[in-house]
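K.L.:
If you want the building blocks of each chain, they are given just below.
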Amino acid sequence: MELKTIELTKKFGSKTAVNHLNITLTNGVYGLLGANGAGKTTFMRLLCNIQTPTSGKIVLNDKNIVGLNEKYRGLLGYLPQHFGYYPDFTALDFLLYVSALKGLNEKNAEKKSKELLEAVGLSAESKHKIKTFSGGMKQRLGIAQAMLGDPHILILDEPTAGLDPKERVRFRNLISAFAKNRIVILSTHIVSDAEFIAEEIIMMKSGQIVHFGKPQEITAEIDGQVWECAVPSAYAETYAAKFNTSNFRNTDKSETILRIISECPPMENAVRVQPDLEDLYLFYFKGDIEE
Amino acid sequence: MKKLIQFELRKIFSKRLTQAALIALFLLSVLLGFSAYQNMYASDGKSREGTGRVAVEIDKAIAGKYEGLLTDEKVQQMMIEFKPKQDLHGMNAAYLYQNALQSALFRNFSDLNGNWNGFGVSDVFESEEIKIGYIYGWLQTSQNMVRIFVVLSLVVAIMIAPVFSGEYGGVDNIILTSRYGKTKCATAKIIGSILAALIVTTVVSIINFVYAFILYGGSGLDCSILFAPADFATEYIPFNITCGTLLNYQILLAFTSVISVTGITLVLSAVCKNQTAALVASAAVYLFPVLLPVTETSSLFKIITLLPLYHVQFASLMSVDQVSGKVLYALLAVPVALIFMVIGILVSHRVFAKHQVL
Chain A
1 MELKTIELTK KFGSKTAVNH LNITLTNGVY GLLGANGAGK TTFMRLLCNI
51 QTPTSGKIVL NDKNIVGLNE KYRGLLGYLP QHFGYYPDFT ALDFLLYVSA
101 LKGLNEKNAE KKSKELLEAV GLSAESKHKI KTFSGGMKQR LGIAQAMLGD
151 PHILILDEPT AGLDPKERVR FRNLISAFAK NRIVILSTHI VSDAEFIAEE
201 IIMMKSGQIV HFGKPQEITA EIDGQVWECA VPSAYAETYA AKFNTSNFRN
251 TDKSETILRI ISECPPMENA VRVQPDLEDL YLFYFKGDIE E
Chain B
292 MKKLIQFELR KIFSKRLTQA ALIALFLLSV LLGFSAYQNM YASDGKSREG
342 TGRVAVEIDK AIAGKYEGLL TDEKVQQMMI EFKPKQDLHG MNAAYLYQNA
392 LQSALFRNFS DLNGNWNGFG VSDVFESEEI KIGYIYGWLQ TSQNMVRIFV
442 VLSLVVAIMI APVFSGEYGG VDNIILTSRY GKTKCATAKI IGSILAALIV
492 TTVVSIINFV YAFILYGGSG LDCSILFAPA DFATEYIPFN ITCGTLLNYQ
542 ILLAFTSVIS VTGITLVLSA VCKNQTAALV ASAAVYLFPV LLPVTETSSL
592 FKIITLLPLY HVQFASLMSV DQVSGKVLYA LLAVPVALIF MVIGILVSHR
642 VFAKHQVL
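If you read the sequences in order, they're chains A and B.
Quick note on numbering: the working numbering labels position 145 of the first sequence as 145, and the sequence is numbered without any gaps.
To convert a position in the second sequence, counted from 1, into the working numbering, add 291.
Check the hints yourself; a few may be wrong.
The calculated lysine to any residue pairs, modelled on SDA-like cross-linking and capped at a C-alpha distance of 20 Å, are [to be verified]:
hint, chain 1, residue 1, chain 2, residue 2
1, A, K71, B, R641
2, A, K138, B, V462
3, B, K306, A, P87
4, B, K293, A, E70
5, A, K15, B, L649
Hints are computed from structural coordinates only; laboratory data are not their basis.
All chains, full assembly: derive it from the sequences and hints.
P.N.:
Below, the structure written as structure tokens:
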């Protein structure tokens with residue numbers, strides 16, 4: 001299966017959310033990274049065909065998805081960033097409703113819904129009304145509904161938002177097990193989630209893809225530019241503000257180790273270290289984050 | 292599809308506002324019926340008078356004596372029986388009210404003083420055969436149903452306004468990306484809305500009918516509305532139809548009103564981005580004809596009366612001249628309702644399927 005965008009563009013008035021985007025996605029897990037306003041959500045909505053591109057197109061196996069209609073939507077599972085629900089429905093009712101929307105037969109719908117509730121850790125709450133759920137529980141229900149019907153294309157917008165660390169681990173394992181022979185695209189602000197699950201990373205900025213590749217490949221761009229330096233703890237914040245600092249940790253010797261991204265050694269005692277995805281994210285989006 | 296329709300019905304009926312509106316509507320039906328019953332007054336002009344159950348008994352007893360076709364002999368007998376025994380002090384006898392039959396008689400056959408005006412049955416009703424009997428309870432029920440059906444149409448707007456617009460709060464993301472979201476789901480929403488509207492209208496009609504049967508009994512449905520007491524809107528309907536036919540027309544027009552309102556509300560629900568806007572817009576469209584300064588003599592009147600608000604205020608629509616072949620003009624409400632519905636179905640389906648999630 002090959003999902004391809006060709007010169008995909010979406011404008012809202014004078015603002016261009018997605019700008020002449022060309023990408024080819026085959027089976028695999030893709031982590032979509034970018035600061036707020038980078039165009040990730042719009043890109044995902046365009047892939048889901050719930051927004052119409054201003055220009056360009058999306059093709060699945062060389063066929064425009066607009067013409068595929070139900071055939072395309074039948075392959076799709078989508079977790080929106082903010083999704084609504086029916087407060088008086090129970091979790092099981094909600095999944096049965098989504099099953100009906102996806103065309104699952106009644107017997108299969110109930111079986112799959114219960115399996116997914118179990119998988120996301122909500123089986124004990126399956127008969128509880130959604131209005132009684134916490135944010136994290138609603139998010140898990142959202143993940144379950146997206147996976148109903150075993151979609152071949154799974155698009156998850158901020159799936160780990162609101163999940164506690166234990167649930168994030170559960171989610172990672174769930175997606176890893178599910179992703180075989182499917183296209184899974186997930187956007188997240190939690191870089192470590194993308195690094196752990198995604199086989200390929202798509203970095204977006206201002207509606208365009210600035211990087212696309214395997215995590216270890218794309219971090220190569222900043223090879224030699226990540227340093228660790230020990231500074232007195234009392235001055236740690238001053239130094240952190242001065243440099244593009246991705247992390248700092250205190251040691252037991254009244255020292256703080258700063259992880260700094262810089263083309264040249266920021267201090268005399270700086271030690272060059274292997275870059276990771278978080279460093280790359282910061283390298284690209286530091287300005288956006290500060291805004 | 293069946294499952295989707297079931298879910299849509301459940302969504303419609305599980306909303307708090309809908310439940311509150313339905314309870315209010317059922318209470319209104321019961322209270323109006325009971326209040327009308329309690330306020331009824333009748334006197335036999337001799338020894339008995341009273342309100343409520345007593346009034347109904349008196350009216351029924353008097354009607355029982357003259358039941359059947361209205362003849363000149365019966366007119367004379369009734370004129371003797373109901374002749375005013377007190378000085379009217381200049382009041383027109385047509386406004387004198389002792390009981391339902393007397394009021395109907397004086398409206399047609401009395402002069403200012405309560406004496407026979409010299410008209411025979413054929414002078415007043417031409418060649419029409421007028422069957423008389425106890426019709427007061429049914430006419431009262433009909434009058435109550437005007438108010439109840441106006442409220443019913445608004446309740447239907449409350450029920451249906453969130454059908455599409457309610458999804459735009461976030462569930463549209465999920466619906467429109469699912470296989471049948473843009474097709475069968477939109478169709479299920481429309482079918483569910485129509486079914487919900489028809490179910491509620493049927494239940495409300497049945498409740499009012501059963502309640503009337505309990506309070507007034509079953510007699511009189513085959514009697515003419517032309518021999519009605521003075522205070523009924525039916526006096527403006529110039530056709531010799533029975534109470535049963537009148538109620539059938541009224542209920543038919545309640546259904547056409549509700550179907551029209553459903554069509555209008557579906558369009559506005561699909562177009563408006565939130566349910567409050569959809570509800571307010573639907574209610575405004577439904578009620579706006581009352582603001583139009585159109586009188587019965589205006590050429591626009593015949594068109595205006597085909598709007599859904601006038602379907603439930605059926606007397607205006609029923610008073611328009613018959614179309615050819617003795618078909619009541621009011622029946623044009625049926626194709627009008629179907630037009631509203633077809634527009635509602637086509638537009639709402641298309642708008643929802645094309646909806647862009649923002």
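K.L.:
If a hint holds in the structure, say so; if it does not, say that too.
P.N.:
Evaluated hints:
1. K71(A) <-> R641(B): 19 Å, holds
2. K138(A) <-> V462(B): Distance ~13 Å between K138(A) and V462(B) Cα, so the pair holds.
3. K306(B) <-> P87(A): Answer holds: K306(B) to P87(A) is near 10 Å, not above 20 Å.
4. K293(B) <-> E70(A): Holds, at roughly 19 Å.
5. K15(A) <-> L649(B): 14 Å, holds
Violated hints are absent here; each numbered hint is respected by the structure.
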